[in-house]
Amino acid sequence: MKRTVDVSVPIGPIHPCFKEPARVKCETKGEFVISAEVELGYMKKGIERIMRGRPWQEVMFLAERVCGICSVIHNMVFIEALEQMSTIAVPERAALLRVIVNELDRMQSHILANFSYCYTIEHETLAMYLLDVREHVMDELERITGARVTCAYIVPGGVRFDLRSEDVLHLRANLAVIEEEVTRYMHMFEGGPLIALRSREIGVLSRGAALEAHAVGPTARASGMPETDRRIHHPTYKKLGFSPVSRTEGDNYARIMVRFQEVLESISIIRKCLDTLPEGPIRGGGIPGAGEIAYSGEAPRGELSYFIKTDAAGRVVDISIQTPSIMNIEACCHYMLKGVSSLADVPSTFVSADPCIACTER
Amino acid sequence: MSILQSVKNLVRSKSIHVAYVDVGSCNGCDIEVLACLSPRYDIEQYGIYVHNNPREADILLVIGAYTPGWEEKLHTLWEKIPDPKVAIAVGNCPISGCLFNRPHTLVDPPVSKHIPIAAEVPGCPPRPTEILAAVLSVAPLVFKDYEVAKR
Chain A
13 MKRTVDVSVP IGPIHPCFKE PARVKCETKG EFVISAEVEL GYMKKGIERI
63 MRGRPWQEVM FLAERVCGIC SVIHNMVFIE ALEQMSTIAV PERAALLRVI
113 VNELDRMQSH ILANFSYCYT IEHETLAMYL LDVREHVMDE LERITGARVT
163 CAYIVPGGVR FDLRSEDVLH LRANLAVIEE EVTRYMHMFE GGPLIALRSR
213 EIGVLSRGAA LEAHAVGPTA RASGMPETDR RIHHPTYKKL GFSPVSRTEG
263 DNYARIMVRF QEVLESISII RKCLDTLPEG PIRGGGIPGA GEIAYSGEAP
313 RGELSYFIKT DAAGRVVDIS IQTPSIMNIE ACCHYMLKGV SSLADVPSTF
363 VSADPCIACT ER
Chain B
102 MSILQSVKNL VRSKSIHVAY VDVGSCNGCD IEVLACLSPR YDIEQYGIYV
152 HNNPREADIL LVIGAYTPGW EEKLHTLWEK IPDPKVAIAV GNCPISGCLF
202 NRPHTLVDPP VSKHIPIAAE VPGCPPRPTE ILAAVLSVAP LVFKDYEVAK
252 R
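Protein sequences, first through last, are from chains A and B.
Residue 13 is where the first sequence starts when you use the numbering used here, and the numbers rise one by one after that.
Residue 102 is where the second sequence starts when you use the numbering used here, and the numbers rise one by one after that.
In short, the hints are calculated from the structure, not lab data.
A few of these clues could be false.
Sample of chain B residues with no beta-carbon within 10 Å of chain A, all distances over it, derived [what the hints assert, rightly or not]:
hint : residue
1    : C130
2    : K174
3    : A219
Chain A regions said to be covered by chain B (calculated; three or more residues, Cβ under 8 Å) [as the list claims (entries may be wrong)]:
hint : stretch
4    : 25-32
5    : 160-172
6    : 186-198
7    : 296-305
8    : 332-340
To list a few chain A residues with every Cβ distance to chain B over 10 Å, as calculated [to be verified]:
hint : residue
9    : P103
10   : F127
11   : S218
12   : I244
13   : H245
14   : K250
15   : E291
16   : C368
17   : C371
These figures come from a predicted structure and were not determined experimentally.
For every residue, glycine included, the Cβ atom is placed at its ideal position computed from N, Cα and C.
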């Protein structure tokens, strides 16, 4: 068939729907998108270049600022990599507190992603509801860690602050509110006929395509790949007995629903942690030494890997970070956007993959 | 100042369009700007509409430490905003570069070297209430006596 490109439409870098600058260049025939290409390079700060040659105490804060939305997991993966390298033991209570904070962070990230999607398909009511429930999660993060976004809660050998008994009461009460609200909004999303028109059968990523594009995180799990969840390999999560959620549709609707279900899953993980939280110390101590390790964890957007090499004084000699969004952006542009029947669906499909440009480019 | 002018000043301070541009931050400040939209902080109750369109904006929120990708582009963006206009630097990054202003970095802070900045909100990231307070303190001054000043 003859390939006819009517017009090449660039979307971005400044776009009402994008939180961050990225440029999607679509080749279209009428409204039908033939192919799409992403152009990055607006956010490159050179974090890995700054990190090299610095002591881990400084790199810890830089690692957290790779991505502001999922800052807790960057902190957690970096510190756990150092701990594995220098065989530092973590007290049981601290390990569970890490999981609690990490899951709270995952919840706020997923709710923000769903907010962005609902905002992009112009369902502002649901978007504002979701942003309101996110503030409850941010309250809990702030109560436990002392800061809303960049909290630097996890340190080698433990965590910074203990969870007081009144905090547990607040957390349980707030979790009940969040669970009720999120369940209500999930049903609104599930049953909304207009939402279904904008979401179902749009931006389909089949399981084979997801495997080919190395999609990770909720994007992959919406295409029927529950094994991509790195949490099943984490020792603390293993003890909590958790099973990853997945769906098989692979369209925009499935990706948003997977995030809703993961928020509910996170709530149940936090409840399990609170039930089994033992008394004891929260900081065991320990100083990172020389070593070399590749370690990965599950960020809200997928698998996050750190490769770290340190010297005897704990200085980072070499570091490289692999963030999840780059694979999802790739999968989005080369598989999901191909064959989208209307240009209006391009921003919503792009947002449904939850791209985080800041951590993609670092 | 005529009565008409003071009425204009009052009315225009309650009708402000905001655009935000991320010139290389960690995303933390972006989500705090988005949190201003939420029903708890509700920036729209003050007549401030956050719509990420520079061509109809009055206030530009600049987030981030100015990466090489924004050379020329940020200035072009600033010129596309119709007069009168102000820019607010949100977070430590546009003010000083925060953690990213170290040896071997690619960023080139402060942003005030590249476009005029009217107000600065320090913090890493600042709280939504602080961003809101900065926007509200600048809002009455954007259009103040615009016709008089133009003459």
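Going through the hints against the structure:
1. C130: violated (7 Å)
2. K174: At about 8 Å from chain A, K174 of chain B fails to clear the 10 Å cut-off, so the statement is violated.
3. A219: Check passes; 20 Å lies beyond 10 Å.
4. 25-32: Check passed, 8 qualifying residues.
5. 160-172: holds (count 3)
6. 186-198: It is violated: at least three residues are needed, and the stretch 186-198 of chain A offers just 0 whose Cβ sits closer than 8 Å to chain B.
7. 296-305: violated (count 0)
8. 332-340: Answer violated; 0 residues pass the 8 Å Cβ test.
9. P103: holds (29 Å)
10. F127: violated (8 Å)
11. S218: holds (30 Å)
12. I244: holds (27 Å)
13. H245: The claim stands: H245 of chain A keeps its Cβ more than 10 Å from every Cβ of chain B (closest is about 27 Å).
14. K250: Non-interface label on K250 of chain A holds, nearest chain B Cβ at 30 Å vs cutoff 10 Å.
15. E291: holds (33 Å)
16. C368: violated (7 Å)
17. C371: Incorrect as stated: the minimum Cβ-Cβ distance to chain B is 8 Å, not above 10 Å.
In this structure, the earlier hints numbered 1, 2, 6, 7, 8, 10, 16, 17 are contradicted, and the remaining ones agree with it.
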